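Taken in sequence, the protein lines are chains A and B. Numbering follows the numbering used here, in which position 162 of the first sequence is assigned residue number 162; successive positions increment by one, without gaps. Numbering follows the numbering used here, in which position 8 of the second sequence is assigned residue number 8; successive positions increment by one, without gaps.
Treat the hints with caution; some may be incorrect.
Cross-link-like lysine-lysine pairs, in silico, DSSO-like; alpha carbons within 30 Å at most [claimed, not checked]:
id	chain 1	residue 1	chain 2	residue 2
1	B	K28	A	K114
2	A	K143	A	K23
3	B	K41	A	K167
4	B	K28	A	K161
5	B	K28	B	K3
6	B	K3	A	K167
Source of the hints: derived by calculation from the structure; they are not laboratory data. The structure displayed is predicted, hence computed values, not measured ones.
Each chain, letter by letter, is given below.
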Amino acid sequence: MTPSEEEMLRAFEERHGRELQKKFSAAAVAVCGLGGLGSNIAVSLARAGIGRLILIDFDKVDVTNLHRQQYKASQVGMYKTDALSENLREISPYIRTEIHTVKVNEENASELLKSADIICEAFDSAQAKAMTANIVLESFPEKYLVCASGMAGIGSCNTIKTRRISKRFYICGDGVSDVSENGGLFSSRVMLCAAHQAHTVLRILAGEFEV
Amino acid sequence: MVKINGKDVNAAGLTLSEYLKRESYNPKTIAVELNEYIVSKDSYSDTLLNDGDVVEIVNFVGGG
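Let the hints inform the model, and build the full structure from the sequences given.
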């Protein structure tokens with residue numbers, strides 16, 4: 001039986017403490033790209049009881065996504081935004097999700113992201129990553145940005161790190177492992193990078209800004 | 001000297017775009033911060049690097 005909203009909140013408070021949970025529940029976090037990074041970030045944040053998630057992706061679930069992304073075989077062909085909000089609601093039934101099934105570009109980014117406190121960049125193409133970082137840092141100097149770069153291949157887990165570039169700009173990954181040169185993507189290493197991003201979000205909300 | 005990605009580099013007097021070209025960066029896959037502020041792509045060619053500047057060039061690679 002699905003727990004009531006009150007029961008869910010009490011459980012979050014028991015695990016995170018009441019004060020911190022208040023901050024998690026009040027937060028709005030945008031996840032740009034719902035692939036290997038974004039779907040895993042969203043699951044971690046939903047489990048943490050983040051109040052509102054803004055989920056952005058134009059793509060549909062493909063069978064080649066299932067090896068690392070938080071979708072089910074039965075969801076192949078669905079828009080990732082729809083499939084992920086369905087899955088998140090099974091995990092955390094009272095989470096508020098705002099979905100945008102669009103491709104982020106320089107024209108629409110500011111409108112899509114304006115209500116987020118923290119923005120996670122979780123795209124796969126290097127150009128989309130750089131474009132998002134530039135737009136967010138230029139248009140929203142007051143928001144926090146958590147990017148990822150370098151998590152492809154079967155290299156060591158221990159090279160995936162979080163770096164703080166400036167006051168509100170963090171980047172997770174090994175910085176160098178490009179998917180085109182590293183023989184694909186592996187669920188565990190991509191999830192590790194996503195976990196760095198999600199945990200950075202929680203630490204920012206907790207007022208812990210150093211890495 | 002200019003501190004670029006944590007290292008002292010002899011780049012004072014160059015514009016940002018001259019330095020990026022010299023080091024073969026692809027302007028489409030980077031974000032650049034100068035003294036903790038983002039430099040917009042339109043300003044790369046008229047941003048002069050000075051002694052004591054701190055520059056972070058974040059180069060994005062694909063995968064996600």
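Evaluated hints:
1. Under the criterion of a C-alpha separation no larger than 30 Å, the hint pairing K28(B) with K114(A) is consistent with the structure, at around 24 Å.
2. Taken as a hint, the K143(A) and K23(A) pair is honoured in the structure, with Cα atoms around 16 Å apart against an allowance of 30 Å.
3. For a cut-off of 30 Å, the pair hint linking K41(B) to K167(A) stands: about 20 Å separates their Cα positions.
4. Between K28(B) and K161(A) the CA atoms are separated by roughly 23 Å; this keeps the pair inside 30 Å, and the hint holds.
5. A C-alpha spacing of about 22 Å is found between K28(B) and K3(B), which places the hinted pair at or below 30 Å, so the restraint holds.
6. Proposed proximity of K3(B) and K167(A) is supported: the alpha carbons are some 17 Å apart, at most 30 Å.
Against the hints set out earlier in the document, no violation occurs for any number.
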